[in-house]
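Visitor: Sequence lines, in order, name chains P and E.
Mapping the first sequence onto this note's numbering, position 179 (from 1) lands on 179, and the numbers just tick up by one.
Mapping the second sequence onto this note's numbering, position 156 (from 1) lands on 156, and the numbers just tick up by one.
Heads up, a few of these hints could be off.
[To be verified] In silico lysine-lysine, DSBU-like type, Cα no more than 30 Å apart, as pairs:
| no. | chain 1 | residue 1 | chain 2 | residue 2 |
| --- | --- | --- | --- | --- |
| 1 | P | Lys-21 | E | Lys-267 |
| 2 | P | Lys-29 | E | Lys-17 |
| 3 | P | Lys-141 | E | Lys-267 |
| 4 | P | Lys-301 | P | Lys-238 |
| 5 | P | Lys-74 | P | Lys-288 |
| 6 | E | Lys-86 | P | Lys-141 |
| 7 | P | Lys-250 | E | Lys-17 |
| 8 | P | Lys-238 | P | Lys-258 |
| 9 | E | Lys-267 | P | Lys-131 |
| 10 | P | Lys-134 | E | Lys-86 |
| 11 | P | Lys-74 | E | Lys-267 |
| 12 | P | Lys-29 | P | Lys-74 |
| 13 | P | Lys-233 | P | Lys-288 |
| 14 | E | Lys-267 | E | Lys-86 |
| 15 | P | Lys-29 | E | Lys-86 |
| 16 | P | Lys-192 | P | Lys-74 |
| 17 | P | Lys-21 | P | Lys-74 |
| 18 | E | Lys-17 | E | Lys-267 |
| 19 | P | Lys-258 | P | Lys-192 |
| 20 | E | Lys-17 | P | Lys-85 |
Think of the hints as simulated: they come from the structure by calculation, not from any bench.
Please read these numbers as outputs of a predicted model, since none were measured by experiment.
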Amino acid sequence: MTGRALELIDVTFRHRISRPKFTNPWFTKPGPGVFGLNLTLEAGQIIGLVGPNGAGKTTLLRILAGIMPIDEGKIRLQGVELDPKNGPIDRQLRANIGHMPEQVRWTGSASVNQTIRQFSALRDTPVAPEKLLKLVGLSSKSTATLDELSQGMRQRLSLAVALMGAPRILLLDEPFNGLDPVAAKSVEQMIKQLSNQGVAVIISSHQVSGLVGFIDKLLLIHRGQLVANGSIKDIEEKLGLADRIEIGGKGELPDLAKLIGSGTILEQTVDEQNWSCTIQHADDASIKNIVQAGHHITEWKRKAPDIVEMLCQATGLEVEEIGLEVQASNMMPLKTLSEEE
Amino acid sequence: MFNTDIVAIARQIIAEKLRSTRMIVMLPILILFIPGIAWGFSDPDVMLPGGVRPDNVMEVMFYTSLGIVFAGTMCGVLLSYDGISKDRFTGVLEVKLSQPMPREEQAMGLALGHWLAILIPVWALWLISTLIVMFRLEQGIALPETVASFASVGLILFWYVIFSLIASTYSRDQGTSVAFGVGMWFLFTFLWALVTSMVAFASGVNVGEVNNPEMIRIEGFLDLLSPNGVFHHLLETNLADVDRGVPPITSWISAAIWTVMPWLWFKSRMSRIQP
């Protein structure tokens, strides 16, 4: 299925920050938000939204979900510009979009089935809870109360609610949080299936390494602005991060400057017995030259795209500065709540 | 005005609240305060302070309304103070706000659900109390009086519930909303007498003098500014020989204002609320 699912044109929204004054206790001033966003989402496309804490990811998702109004700009849904004459813009968005917020802590004595039915009333959509729960792998817990669910099961329930009414656009905020690796993989497969059926998906995730190879397009957001927007390959090229190889070997470090021709040495490290280097735009003969010079190569591979590196490059900041730390397992996000979020 | 989806939301809240631990804790208090007071005040030998001896059903029910003021309203506050703040705290509010149902209808479902959750048990106990008093005094009551009595109870509970829900829309933690609700209950239940005395004193009225007509008039007027006061004005419309300078129509208009204004406030809050 093709066609434009959603378009944002110069969309701006700023949070109002309370600054009470003696003369006006309700005084607010514009705070952080998102500024002049232009974005196109095609049907069936999977977009990854990445940015540091407080960059505006959640705000952007809430705007798209019709929770927050826009201050300026236009929104086109399936090619048609949303017009307030046809009803509130946020409501028109809500009718077409499924939203799964980050870490919903479902609690209470209501059962999973009852919760699904309650939300079907809010969506004005008749739903078959069994079918929906089967889709997210929660069938066996349909009669369990919300208090009995684990965090992973709560994530699945959030996903089930987002899928109600078969939305054409799905917004997923940290969908893999709390899921075990197998469950995360099954959610990933389900997202791909939905994408094949024409559902456009935006995923905001801190588990950035998991997004590579899974998303069609990447949005890098920083301080409320899109700093990069395109396929991972395009962004790599634009940011000068493409065509890099990593070479590792034993023994002395080769004289790389002579052996790699027109390539650029980005990084080289040496310890007692091994060496490694990263070279960009290396000649085809580079490896051959190193081997012919008598060096022992143990590893040679294309450097995999690194979204964190892209973000650093796009923002001109160091990893520590932007505060996005990626753990080795890539399973547990580090999260700090900013004022905005 | 009400569609099935609003009713579905309300029904879900009612079911949840009626089965909640809070309700289990509050129910004995309500039973003690409403039918308990009705039983005591309908005793043929009862003598109230000031030598008052209630001798008809509506008069006894008027004094029984103390149970509504003290227990019913407090239970209403405790049942609804986290109506929105809990959802905000858990993230469920964001899921609800992203659904296509208009916010106004969501607000209506929330208000209706929380109100009925306290109204159902209180009305049941009020009915039992009325029957007890009728049985003990061996008197009947007219339908208009009964309707006015039940409507008054319904209205005061609505005011407290809607104020608690409004507070809940502002607060980002449970403590703030419960503090607002309990604070409001405390102000109108206990401190309003102080406010009345201060205003009367500032107006040159002899506060200490019992049955001072000027004091009764000021008290009657200031009661229109308090939900508990309006509630008593409404119940007084059923009593003969009570004149505090406020005609019944004024009491009902005041009740309408107390109903509509907070409702509009709540609706407006819900239309602009953010997770």
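Visitor: Now tell me if each hint is right for this structure.
Guide: Structure-based check of all given hints:
Taken as a hint, the Lys-21/P and Lys-267/E pair is honoured in the structure, with Cα atoms around 26 Å apart against an allowance of 30 Å. Between Lys-29/P and Lys-17/E the CA atoms are separated by roughly 39 Å; this puts the pair beyond 30 Å, and the hint is violated. Distance hint between Lys-141/P and Lys-267/E is unfulfilled; the C-alpha atoms sit about 36 Å from each other, more than 30 Å. Of the pairs offered as hints, the one joining Lys-301/P and Lys-238/P holds, with about 21 Å between alpha carbons and a cut-off of 30 Å not exceeded.
About 55 Å separates the Cα atoms of Lys-74/P and Lys-288/P, which puts this hinted pair outside 30 Å; it is violated. Taken as a hint, the Lys-86/E and Lys-141/P pair is honoured in the structure, with Cα atoms around 23 Å apart against an allowance of 30 Å. In summary, the hint linking Lys-250/P to Lys-17/E is not supported, as the alpha carbons are separated by about 70 Å, beyond the 30 Å threshold. Taken as a hint, the Lys-238/P and Lys-258/P pair is honoured in the structure, with Cα atoms around 28 Å apart against an allowance of 30 Å.
In summary, the hint linking Lys-267/E to Lys-131/P is not supported, as the alpha carbons are separated by about 35 Å, beyond the 30 Å threshold. For the suggested pair Lys-134/P and Lys-86/E, the alpha carbons sit about 28 Å apart, so the restraint of at most 30 Å is met. With a C-alpha separation of about 27 Å, the suggested pairing of Lys-74/P with Lys-267/E holds against the 30 Å cut-off. For the hint linking Lys-29/P to Lys-74/P, the alpha-carbon distance of about 23 Å falls within 30 Å, and the restraint holds.
Straight-line distance between C-alpha atoms of Lys-233/P and Lys-288/P comes to about 27 Å, which keeps the hinted pair within the 30 Å bound. Taking the CA atoms of Lys-267/E and Lys-86/E, the gap is near 18 Å; set against the 30 Å cutoff, the hint holds. With a C-alpha separation of about 27 Å, the suggested pair Lys-29/P and Lys-86/E falls inside the 30 Å cut-off, and the hint holds. Restraint check for Lys-192/P and Lys-74/P: satisfied, since their Cα atoms lie roughly 29 Å apart, inside the 30 Å limit.
With a C-alpha separation of about 34 Å, the suggested pair Lys-21/P and Lys-74/P falls outside the 30 Å cut-off, and the hint is violated. Note on Lys-17/E and Lys-267/E: the hinted pairing holds, with a Cα-Cα distance of about 22 Å set against a maximum of 30 Å. The hinted pair formed by Lys-258/P and Lys-192/P fails the criterion: a straight-line CA distance of about 46 Å is larger than 30 Å. At roughly 39 Å between alpha-carbon atoms, Lys-17/E and Lys-85/P are farther apart than 30 Å, so this suggested pair is violated.
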